[in-house]
Amino acid sequence: MLQAVIFYLLAIATVLSGLAVITRRNPIASAVSLVVTFFFLAALYVMLGAHFVAVTQVLVYAGAVMVLFVFVIMLLNLRGTDPRELPDLAPRGLVGLAVAGFIGMGLVVSIDALRLVDMGPVADDFGTIQQVGTIIFDGTYLLPFEVASALLTVAMVGAVVLAKREI
Amino acid sequence: MFDPGELNFIGPEIAVFVFALLVLVHDVMFKQRNATISMGVSLMGLATAAVLNLLNMQAVDVPREAFAGAMAVDGFGFFLNFIVLLAAAGALLISHDFLRRIDVDVPEFNPLVLFVAFGMMLMGSANDLILLFISLEVMSLGVYVLCGINRGELASAEAALKYFVMGAFASGFLLMGIAFVYGGIGSTRISAVAQWFAIEGNGIAGNPLIGVGVALLLVGFGFKVAAAPFHMWTPDVYQGAPTPVTAFMATGVKAAAFAALSRVLLVALLGQNLEFHTALWLIAAGTILMGNIGALVQDDLKRMLAYSSIGHAGYLLMALVGAPAAGLADNPRLGGILFYLLAYTVMTVGAFAVLSFFTRDGVEDTRISRLGGLADRHPAVALALSICLLSLAGVPPTMGFVGKFYLFAAAIEGGAIGIAVVGAIGGAIGIYYYLRPIVVMYMHPEPADRVELAMNPAALGVLGVATVAVLVFGLVPGSLIEVAQDSLLSLAAWGGV
Numbered sequence: 097m098l099q100a101v102i103f104y105l106l107a108i109a110t111v112l113s114g115l116a117v118i119t120r121r122n123p124i125a126s127a128v129s130l131v132v133t134f135f136f137l138a139a140l141y142v143m144l145g146a147h148f149v150a151v152t153q154v155l156v157y158a159g160a161v162m163v164l165f166v167f168v169i170m171l172l173n174l175r176g177t178d179p180r181e182l183p184d185l186a187p188r189g190l191v192g193l194a195v196a197g198f199i200g201m202g203l204v205v206s207i208d209a210l211r212l213v214d215m216g217p218v219a220d221d222f223g224t225i226q227q228v229g230t231i232i233f234d235g236t237y238l239l240p241f242e243v244a245s246a247l248l249t250v251a252m253v254g255a256v257v258l259a260k261r262e263i
Numbered sequence: 179m180f181d182p183g184e185l186n187f188i189g190p191e192i193a194v195f196v197f198a199l200l201v202l203v204h205d206v207m208f209k210q211r212n213a214t215i216s217m218g219v220s221l222m223g224l225a226t227a228a229v230l231n232l233l234n235m236q237a238v239d240v241p242r243e244a245f246a247g248a249m250a251v252d253g254f255g256f257f258l259n260f261i262v263l264l265a266a267a268g269a270l271l272i273s274h275d276f277l278r279r280i281d282v283d284v285p286e287f288n289p290l291v292l293f294v295a296f297g298m299m300l301m302g303s304a305n306d307l308i309l310l311f312i313s314l315e316v317m318s319l320g321v322y323v324l325c326g327i328n329r330g331e332l333a334s335a336e337a338a339l340k341y342f343v344m345g346a347f348a349s350g351f352l353l354m355g356i357a358f359v360y361g362g363i364g365s366t367r368i369s370a371v372a373q374w375f376a377i378e379g380n381g382i383a384g385n386p387l388i389g390v391g392v393a394l395l396l397v398g399f400g401f402k403v404a405a406a407p408f409h410m411w412t413p414d415v416y417q418g419a420p421t422p423v424t425a426f427m428a429t430g431v432k433a434a435a436f437a438a439l440s441r442v443l444l445v446a447l448l449g450q451n452l453e454f455h456t457a458l459w460l461i462a463a464g465t466i467l468m469g470n471i472g473a474l475v476q477d478d479l480k481r482m483l484a485y486s487s488i489g490h491a492g493y494l495l496m497a498l499v500g501a502p503a504a505g506l507a508d509n510p511r512l513g514g515i516l517f518y519l520l521a522y523t524v525m526t527v528g529a530f531a532v533l534s535f536f537t538r539d540g541v542e543d544t545r546i547s548r549l550g551g552l553a554d555r556h557p558a559v560a561l562a563l564s565i566c567l568l569s570l571a572g573v574p575p576t577m578g579f580v581g582k583f584y585l586f587a588a589a590i591e592g593g594a595i596g597i598a599v600v601g602a603i604g605g606a607i608g609i610y611y612y613l614r615p616i617v618v619m620y621m622h623p624e625p626a627d628r629v630e631l632a633m634n635p636a637a638l639g640v641l642g643v644a645t646v647a648v649l650v651f652g653l654v655p656g657s658l659i660e661v662a663q664d665s666l667l668s669l670a671a672w673g674g675v
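Which chain is which? The protein sequence lines are X and U, in order.
If you count the first sequence from 1, position 121 lands on 217 in this note's numbering, and the numbers rise without skipping.
If you count the second sequence from 1, position 249 lands on 427 in this note's numbering, and the numbers rise without skipping.
Just so you know, these hints were derived from the structure itself, not from any lab.
Any given hint might turn out to be false.
Pairs of lysine to aspartate or glutamate residues, derived as EDC-like cross-links and limited to a Cα-Cα distance of at most 20 Å, are as follows [what the hints assert, rightly or not]: (1) LYS260(X) x ASP554(U); (2) LYS340(U) x ASP283(U); (3) LYS260(X) x ASP205(U); (4) LYS260(X) x ASP414(U); (5) LYS209(U) x ASP283(U); (6) LYS260(X) x GLU336(U); (7) LYS260(X) x ASP283(U); (8) LYS340(U) x ASP414(U).
Sample of chain U residues at the chain X side, in silico, Cβ under 10 Å [said to hold, decoys possible]: (9) GLU184; (10) PHE195; (11) ASP306; (12) GLY320; (13) PRO386; (14) ILE616.
Treat the numbers as computed from the prediction; the structure is a model and nothing was measured.
C-beta atoms are modelled at their ideal positions from N, C-alpha and C, and glycine is treated no differently.
Based on the sequences and whatever the hints tell you, model everything.
Next up, the structure:
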């Protein structure tokens, strides 16, 4: 019961902040609303027992990706344009709503028709940080984990090559 | 548990990575960078890796797992490692003088090539979809940067951006596919997927997640190997990237991505699942036709080779369509896939070595008309390029002919007559457009505003070795074919087909 109440509170908050992302005219306000959405989503993941995904959601999305968004918004320097002078998007919004509704209906129908195989319940600790850590370091995913560090090295070298100024 | 002895199996990968770091540090430490030392150390890294790979190859008779099954240690992986190392060495040698000429002084070039080779080698032996994805990203990130290494040139920047945006999108498809497959069977190990399919009653029909997952995987791989209808990026990116990078993309990237695709298909998916055969049939036919017809109308040799590389991916897919349901041993001709990847690498590197000579005031100019009169001025270069092009066209007695023969044989023996007919049509078109540059070289006069070819020993060496190899293995392919067939048959150890 308590879980259902918390879930609905979080779900409503997620949808509301999601709506704020697309209704705010000020891009920074939109971006901040998006951060709020990410946090509520993370809370929903925690309720699902997916602790690791929740932490990643906060670190990567609410943290790194949002910083990138805000940077881009500020670099674009929208100060010159008054947000109120932007064209009114309402008519197009209606078309968008219709298309989104159509796709959403399609999704609902096809997921409903989907007969998934019963894979059996997952272990209680599935998705917890402890379990993710265990399968990485007990060897199951040790090699991919180590190769990920090589990936970061390449990304770093590549970023320097492309971004550094001519000397 | 982790067994340190297993580190031997990624010895070649570690060697390449360590040498890449060495070159990187060397270039940072010394203000007056010595390009020759940097090149020498890079090549030493590749040579060390080749030796370690050879030792592993001799030490491992029976295919085995390593790192708790994340990596497959088998002949297939060893063979691909050699192809990757050759492609990397070729690209490095071609780039040595080329980068100086187009006025690109980026000390990170050689390390990046080595990093990319590291990712490619892991791709070939990944038995885990996550490992496959991460190593594919190591490769892709490196190649995105290499494409845009000539920042002053608009075409190069365009190529890099185009490749990056589309490539990132394709990677997303691939990752989504992996997630679906994991959701469907509960494991990311490729051999585990094979075992799951082997259980009576398990199939796509009863488990839609797998079907969706595999469809997404095919999209992701289709992009990386430039198969139709995911090939649209290829001509622009291949043309815009600096020639040595294009050579590396056409050979190494294609070979690694195709090897990974072959492993997934042959081990886990083909065989029991007729649905995949149909999908693969359509992709192969489209790829062969799109590539070869597109190449017909090109006036730029580099762009033509880009289209032709699409066509070659089609021939390889054609052979995969012929994969038998009963077991790999049923169709040993499939070894032609590995042989052809090697042959394609050798002859393409040769052709691109010649292309790298065509620069004018630091800008590449690879129109076919520039080849006019080449036979009079530099008969040896013209002859070598002709041999490489004829090999690409599949004319005997070249390596390309032998490889193509085995690909067609694999498809026909596997009962895929229809796709073999499409392949033959593509091959016939191919002969026309590969002959055109040769005709221009031997029959057309020099262009009035000709420029001296920027020949250099390193690239000439690559061209010479490639030409000789194309002829030698075209005349006596026996032992190499046997190695390729044994290497491919080692996949049978993982179940599935």
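Hints versus structure:
1. LYS260(X) x ASP554(U): Violated, at roughly 45 Å.
2. LYS340(U) x ASP283(U): Roughly 23 Å between the alpha carbons, so the hint for LYS340(U) and ASP283(U) is violated.
3. LYS260(X) x ASP205(U): holds (16 Å)
4. LYS260(X) x ASP414(U): violated (25 Å)
5. LYS209(U) x ASP283(U): The hint holds at about 13 Å.
6. LYS260(X) x GLU336(U): OK: LYS260(X) and GLU336(U) at ~18 Å, within 20 Å.
7. LYS260(X) x ASP283(U): The hint holds at about 13 Å.
8. LYS340(U) x ASP414(U): holds (8 Å)
9. GLU184: holds (9 Å)
10. PHE195: PHE195(U) check passes; min Cβ-Cβ to chain X is 6 Å, inside 10 Å.
11. ASP306: holds (6 Å)
12. GLY320: holds (5 Å)
13. PRO386: holds (6 Å)
14. ILE616: Where the cut-off is 10 Å and the nearest Cβ of chain X is about 38 Å from ILE616(U), the hint is violated.
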